[in-house]
Structures are given as structure tokens and as C-alpha cells.
Amino acid sequence: MPHKVTLLPGDGIGPEVTDATRRVLAVLDVDFEWEIGIVGEAAQQQFDTPLPDKVLESIKRNRVALKGPVTTPMGTGFRSVNVALRQSLELYACLRPCKTYPGIQTPFKNVDIIVVRENTEDLYIGIEFARGSA
1 MPHKVTLLPG DGIGPEVTDA TRRVLAVLDV DFEWEIGIVG EAAQQQFDTP
51 LPDKVLESIK RNRVALKGPV TTPMGTGFRS VNVALRQSLE LYACLRPCKT
101 YPGIQTPFKN VDIIVVRENT EDLYIGIEFA RGSA
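Residue 1 is where the sequence shown starts when you use this note's numbering, and the numbers rise one by one after that.
Worth flagging that the hints you see were computed from the coordinates, not collected in a lab.
Be a bit skeptical, because a hint or two may be false.
SDA-like cross-link-like pairs, simulated, lysine to any residue; straight-line CA separation at most 20 angstroms [stated by the list, open to error]: (1) Lys60 to Cys98; (2) Lys4 to Asp53; (3) Lys54 to Pro69; (4) Lys54 to Glu35; (5) Lys4 to Asp29; (6) Lys4 to Leu56; (7) Lys54 to Arg86.
I would like the entire structure built from these sequences, with the hints used as guidance.
Structural data, given as C-alpha cells:
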């Protein structure tokens with residue numbers, strides 16, 4: 001049975017990055033079924049919203065998504081596709097791996113850490129206030 005994945009190519013270099021990622025995943029012995037969703041500028045032009053409800057429904061149904069970089073269209077009243085995804089899907093944490101590899105020149109050797117950024121507080125939550133209002 002295939003593993004259903006919502007694929008959000010995104011904007012700018014996003015389609016190129018997600019296509020390369022799909023090629024890497026294709027060498028695995030895993031059957032992926034890609035459900036492609038449109039977000040960001042292309043979605044704004046096509047659906048008049050940068051984050052269509054059907055994309056959120058697809059992610060919730062499949063329970064996994066691969067997302068490329070997304071531009072938030074200016075002047076639409078929509079703050080951020082990334083913030084909206086984190087809030088709508090109640091994503092608690094953002095994992096940022098950092099690892100060095102042999103043969104790659106770097107000032108730091110033997111690094112293998114994961115930074116866990118909590119999404120429900122501070123800047124990641126996407127709530128901002130005017131000076132003196134909070």
C-alpha cells in the first residue's frame with residue numbers, strides 16, 4: 001500500500017528543491033503516492049488565498065507533508081503561510097538538524113545536534129503587538 005504524502009512545491013526555488021527531494025526518495029524501497037497542493041503566490045493567484053482549505057484537508061488526511069519554500073504574498077492581508085500551517089495543524093515543535101560530514105571542509109568537526117524550536121510561544125507563534133500595547 002502506498003504512503004500518501006501531501007507535496008507542496010512552494011514558490012521560487014521550492015519546486016526545484018522538492019523535485020530533487022522526490023528523486024532522492026525514489027531510490028528508497030518505499031512506495032509514495034504524492035498528492036500535490038498549491039500554496040503561496042500561485043495559490044493566491046489561482047484561489048485568492050495563499051493557503052487553500054483543500055491543502056490543509058490533504059495534510060490532515062495524509063498526516064505527512066513535504067513543503068518547499070513559500071513566499072507570503074504582500075498586501076493580501078495574509079501574514080504567513082508557514083505561521084498559518086503551524087497554527088492550523090497545531091505543530092508544537094520545529095526540528096533543525098545540524099550535522100557535519102567527513103570530506104566537507106568546516107571549522108567544526110563531529111557535530112551532530114538537533115535544535116528543537118517550540119512553535120507556540122515567542123516569535124514563532126506569529127502574534128505581534130504594537131509598542132506599549134502588551
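For the pair supplied as a hint, lysine 54 and arginine 86, is the alpha-carbon distance within the 20 angstroms limit? holds (16 angstroms)
Does lysine 4 pair with leucine 56 here, judged by a C-alpha cut-off of 20 angstroms? holds (14 angstroms)
20 angstroms Cα cutoff - pair lysine 54, proline 69: Holds - the C-alpha atoms of proline 69 and lysine 54 are around 19 angstroms apart, at most 20 angstroms.
CA of lysine 4 to CA of aspartate 53, is that 20 angstroms or under? holds (18 angstroms)
Lysine 4 and aspartate 29: Cα distance at most 20 angstroms? Roughly 15 angstroms separates the two Cα atoms, so the pair holds.
Has the given pair, lysine 54 with glutamate 35, been kept, meaning a C-alpha gap of at most 20 angstroms? Holds - the C-alpha atoms of glutamate 35 and lysine 54 are around 11 angstroms apart, at most 20 angstroms.
Does cysteine 98 lie within 20 angstroms of lysine 60 when you go C-alpha to C-alpha? violated (28 angstroms)
Comparing the model with each numbered hint stated earlier shows that hint 1 is the single one that does not hold.
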